[in-house]
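K.L.:
Each chain, letter by letter, is given below.
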Amino acid sequence: MSRINSCFEKLGQQGRKALIPYITAGDPSPAVSVPLMHALVEAGADIIELGVPFSDPMADGPVIQLACERALEHNVRLVDVLEMVREFRQKDGETPVVLMGYLNPVEVLGYDNFASQAAAAGVDGVLTVDLPPEEAGEFGEALRANGLDCIYLLAPTTTEQRIQHICDSGSGYVYYVSVKGVTGSASLDVQAVAEKLDLVRKYTDMPIGVGFGIGTAEAAKAVSAVADGVIVGSVLVKQIAALADDQEKIPEKVAAIIAEMRAAMNA
Amino acid sequence: MSTKFDLAAMKELPDSSGHFGPYGGRFVSETLMAALSQLEQTYEKLKNDPDFQAEFDKDLAYYVGRPSPLYHAERLSREVGGAQIYLKREDLNHTGAHKVNNTIGQALLAKYTGKPRVIAETGAGQHGVASATVAARLGLECQVYMGAEDVERQKLNVYRMKLLGAEVIPVESGTRTLKDALNEAMRDWVTNVDNTFYIIGTAAGPHPYPMLVRDFQAVIGREARQQCLAQTGRLPDALVACVGGGSNAIGLFHPFIGDETVRMIGVEAGGHGLETGAHAAPLCAGRPGVLHGNRTYLMEDDAGQIIGTHSVSAGLDYPGVGPEHAWLKDAGRAEYVAINDDEAMNAFRTLTQVEGIMPALESSHAVAHAMKMAADMDKDQILVVNLSGRGDKDIHTVAQIDGIIV
Ligand SMILES: Cc1ncc(COP(=O)(O)O)c(C=O)c1O
Numbered sequence: 001m002s003r004i005n006s007c008f009e010k011l012g013q014q015g016r017k018a019l020i021p022y023i024t025a026g027d028p029s030p031a032v033s034v035p036l037m038h039a040l041v042e043a044g045a046d047i048i049e050l051g052v053p054f055s056d057p058m059a060d061g062p063v064i065q066l067a068c069e070r071a072l073e074h075n076v077r078l079v080d081v082l083e084m085v086r087e088f089r090q091k092d093g094e095t096p097v098v099l100m101g102y103l104n105p106v107e108v109l110g111y112d113n114f115a116s117q118a119a120a121a122g123v124d125g126v127l128t129v130d131l132p133p134e135e136a137g138e139f140g141e142a143l144r145a146n147g148l149d150c151i152y153l154l155a156p157t158t159t160e161q162r163i164q165h166i167c168d169s170g171s172g173y174v175y176y177v178s179v180k181g182v183t184g185s186a187s188l189d190v191q192a193v194a195e196k197l198d199l200v201r202k203y204t205d206m207p208i209g210v211g212f213g214i215g216t217a218e219a220a221k222a223v224s225a226v227a228d229g230v231i232v233g234s235v236l237v238k239q240i241a242a243l244a245d246d247q248e249k250i251p252e253k254v255a256a257i258i259a260e261m262r263a264a265m266n267a
Numbered sequence: 001m002s003t004k005f006d007l008a009a010m011k012e013l014p015d016s017s018g019h020f021g022p023y024g025g026r027f028v029s030e031t032l033m034a035a036l037s038q039l040e041q042t043y044e045k046l047k048n049d050p051d052f053q054a055e056f057d058k059d060l061a062y063y064v065g066r067p068s069p070l071y072h073a074e075r076l077s078r079e080v081g082g083a084q085i086y087l088k089r090e091d092l093n094h095t096g097a098h099k100v101n102n103t104i105g106q107a108l109l110a111k112y113t114g115k116p117r118v119i120a121e122t123g124a125g126q127h128g129v130a131s132a133t134v135a136a137r138l139g140l141e142c143q144v145y146m147g148a149e150d151v152e153r154q155k156l157n158v159y160r161m162k163l164l165g166a167e168v169i170p171v172e173s174g175t176r177t178l179k180d181a182l183n184e185a186m187r188d189w190v191t192n193v194d195n196t197f198y199i200i201g202t203a204a205g206p207h208p209y210p211m212l213v214r215d216f217q218a219v220i221g222r223e224a225r226q227q228c229l230a231q232t233g234r235l236p237d238a239l240v241a242c243v244g245g246g247s248n249a250i251g252l253f254h255p256f257i258g259d260e261t262v263r264m265i266g267v268e269a270g271g272h273g274l275e276t277g278a279h280a281a282p283l284c285a286g287r288p289g290v291l292h293g294n295r296t297y298l299m300e301d302d303a304g305q306i307i308g309t310h311s312v313s314a315g316l317d318y319p320g321v322g323p324e325h326a327w328l329k330d331a332g333r334a335e336y337v338a339i340n341d342d343e344a345m346n347a348f349r350t351l352t353q354v355e356g357i358m359p360a361l362e363s364s365h366a367v368a369h370a371m372k373m374a375a376d377m378d379k380d381q382i383l384v385v386n387l388s389g390r391g392d393k394d395i396h397t398v399a400q401i402d403g404i405i406v
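Chain order of the listed sequences is A and B.
Throughout the first sequence, residue numbering follows this note's numbering, covering 1 to 267 in sequence.
Throughout the second sequence, residue numbering follows this note's numbering, covering 1 to 406 in sequence.
A few of these clues could be false.
Pulled from the structure, derived: some chain B residues nowhere near chain A, Cβ distances all over 10 Å [what the hints assert, rightly or not]: (1) Ala34; (2) Asp51; (3) Asp59; (4) Thr113; (5) Arg137; (6) Glu149; (7) Thr191; (8) Gln226; (9) Leu291; (10) Glu300; (11) Ala303; (12) Gln353.
Facing chain A, according to a computed beta carbon distance under 10 Å, are these residues of chain B, among others [unchecked claim]: (13) Gly25; (14) Phe27; (15) Glu30; (16) Lys179; (17) Glu184; (18) Arg234; (19) Met358; (20) Met377; (21) Lys379.
Hints are computed from structural coordinates only; laboratory data are not their basis.
None of the values given here were measured: they were computed from a predicted structure.
Every residue, glycine too, gets a C-beta built ideally from N, C-alpha and C.
Please model the complete structure; the sequences and the hints are all you need to start from.
P.N.:
So, in structure tokens, the structure goes:
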């Protein structure tokens with residue numbers, strides 16, 4: 001069974017929901033990322049979404065745009081991100097790692113090459129923001145052939161027809177984008193999310209993670225009541241940015257946010 | 001020119017999923033997928049609707065001032081001493097460039113779909129001005145995203161947009177030019193997709209944009225074809241147009257795709273020279289990738305990061321290009337070359353002094369290449385150059401190069 005599937009299975013048995021932090025790899029410098037990943041797991045993260053920096057992050061708000069710029073100042077490439085996962089795996093063989101990014105850096109490596117390198121490094125799933133299933137035929141095959149989950153987004157604007165198609169195309173979990181907007185947008189409406197998730201569940205048994213607009217422990221708790229996973233990004237990246245000149249403090253301070261959310265979700 | 005492809009079939013592209021061969025498509029985040037398929041359906045319906053077409057044609061005639069003349073630049077042709085050079089005078093359109101053909105069309109789509117707000121991205125400011133213009137006329141709220149660097153170098157157009165009632169939003173992210181303005185416009189659209197129509201300024205972006213922008217701009221080529229036949233009794237030997245995102249070029253080229261004897265040459269911005277890396281010529285020196293919703297040729301580094309571009313003309317300063325050009329290149333139906341800043345500046349001066357026509361710096365790239373080509377052609381051959389815009393907006397830039405403050 002894939003790490004992602006066993007993670008959700010274990011959580012289900014414990015009656016808990018997944019807490020899924022997002023950080024941009026190499027932000028604010030490459031040395032920070034792996035210790036930060038370990039600290040997040042220690043604080044209660046169940047899955048880590050590791051952002052692959054891109055020069056043109058079209059679906060991201062200013063917070064994650066700047067994170068990409070900071071990482072790119074250090075020339076962090078997709079192959080460097082895979083190297084970070086490999087290093088993370090030396091101490092953690094259990095926590096699933098999902099790469100989140102844009103298609104173009106993957107295009108350069110080639111789908112098969114990327115997928116086999118990612119699998120070898122210990123990646124579990126890949127979420128490519130600008131790759132809807134309609135365009136993902138060959139890419140999805142390459143991921144599947146290497147035992148990687150292909151994680152897709154659902155949005156408030158996704159029609160019922162597409163929900164089915166997307167859920168049929170993906171594996172691992174689906175990522176429901178809770179607001180119309182970019183990452184770091186205004187906070188979400190839990191009631192509206194709950195209604196949409198009921199609809200999505202008509203079409204899939206896959207776990208549903210909810211992200212975009214979750215910035216507080218209360219919001220994390222509220223969303224965890226209706227979703228299988230809570231994805232938080234911008235609030236962590238903001239804290240990382242604030243400590244760019246004091247980088248040793250990053251793992252501890254950022255993990256503290258996750259610990260608070262974990263506690264609220266478990267309560 | 002011979003290709004291994006069926007030209008009639010090539011002219012019918014994109015296919016139903018928005019692809020031109022391997023290029024084009026729809027690479028956007030999920031939130032926009034519904035809006036794009038809605039736009040596609042609306043457009044497919046309206047494009048064969050006689051009322052919609054009549055309204056579009058009427059606006060082009062009475063508001064834009066079409067048809068634009070096909071002008072035989074006799075003195076320039078004599079000076080160059082080769083082929084006869086004809087200029088398709090898009091510079092004479094209302095607002096001074098070909099851009100307005102497209103904004104008229106897309107504003108009509110906005111009107112038919114009942115969206116009260118339009119947004120646009122702009123590089124040189126011509127598309128921003130053309131968008132602000134149609135928004136003013138239709139009473140739509142209009143916001144234009146423009147790279148902060150372009151806001152600096154195209155002050156005149158920034159002020160024009162403000163006078164027209166649009167809000168210009170400087171974009172500080174990334175390289176602070178056109179590509180970043182496009183990113184920001186997409187982000188706005190994702191957020192305000194319910195009430196907003198995104199007027200893309202070139203024949204790029206996710207399907208159906210490359211198709212509908214081309215269709216709106218194809219009036220250039222249809223007119224030029226007829227005018228050339230009427231004035232000379234035959235088709236031109238070659239077409240020349242500058243390529244930023246590729247809308248004026250595809251507008252001129254598309255109606256000629258099936259005319260096998262007509263060469264089509266797109267001119268990219270060579271900047272300081274292709275060998276320096278400081279240019280904006282993805283078709284000449286880039287490789288295929290995915291950006292801004294479509295697969296196409298891009299300027300990128302070894303890791304797939306999009307790299308900064310350089311051109312003296314803001315309107316060509318873009319690291320991608322419309323997907324149909326990528327396909328025309330691979331299929332061998334069109335050729336793509338690059339003209340450097342200096343060559344474009346010289347052509348700007350030559351056309352101004354020899355014909356009394358001041359071209360936009362973008363269009364000057366096409367003029368420069370046409371002059372090079374024409375010199376090696378016979379006197380009875382015909383070259384049609386798309387004069388995509390007028391140079392008024394560039395006076396500041398030219399004066400600066402001359403060391404003069406105006
Ligand atoms: C006069 C003029 N020509 C050409 C261009 C380049 O755009 P495209 O390649 O879409 O025609 C621009 C863009 O701003 C322009 O203003």
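K.L.:
Measuring Cβ to Cβ, find out whether Glu149/B lies farther than 10 Å from everything in chain A.
P.N.:
With a cut-off of 10 Å, Glu149/B remains clear of chain A, as the shortest Cβ separation is near 16 Å.
K.L.:
Against chain A, run the beta carbon of Lys179/B and see if the smallest gap drops under 10 Å.
P.N.:
Constraint on Lys179/B satisfied, holds at 6 Å.
K.L.:
Taking the least C-beta to C-beta distance, is Lys379/B closer than 10 Å to chain A?
P.N.:
Check failed: Cβ of Lys379/B comes no nearer than 47 Å to chain A, outside 10 Å.
K.L.:
Is the Cβ of Arg137/B more than 10 Å away from each Cβ in chain A?
P.N.:
Given a closest Cβ separation of 29 Å, the condition holds.
K.L.:
Since Thr191/B was said not to touch the interface, does its Cβ keep a gap of more than 10 Å from each Cβ of chain A?
P.N.:
violated (4 Å)
K.L.:
Is the claim that Leu291/B lies outside the interface with chain A correct, judged by CB distances over 10 Å?
P.N.:
With a cut-off of 10 Å, Leu291/B comes too close to chain A, as the shortest Cβ separation is near 6 Å.
K.L.:
Identify whether the interface hint at Arg234/B stands, where standing means a beta carbon of chain A within less than 10 Å of its own.
P.N.:
violated (43 Å)
K.L.:
Please confirm whether Asp59/B is truly not at the interface, meaning its C-beta sits more than 10 Å away from all C-beta atoms of chain A.
P.N.:
Check passes; 31 Å lies beyond 10 Å.
K.L.:
Beyond 10 Å from chain A, beta-carbon-wise, is Gln353/B?
P.N.:
holds (41 Å)
K.L.:
Is the interface hint satisfied for Glu184/B? The criterion is a beta-carbon contact with chain A at less than 10 Å.
P.N.:
With a closest approach of 9 Å, the Glu184/B hint holds.
K.L.:
Thr113/B clear of chain A by more than 10 Å, beta carbon to beta carbon?
P.N.:
holds (15 Å)
K.L.:
Would you say Ala303/B is clear of chain A, with no C-beta pair closer than or equal to 10 Å?
P.N.:
violated (4 Å)
In the structure shown, a violation is registered for the earlier hints numbered 1, 7, 9, 10, 11, 18, 19, 20, 21, in ascending order.
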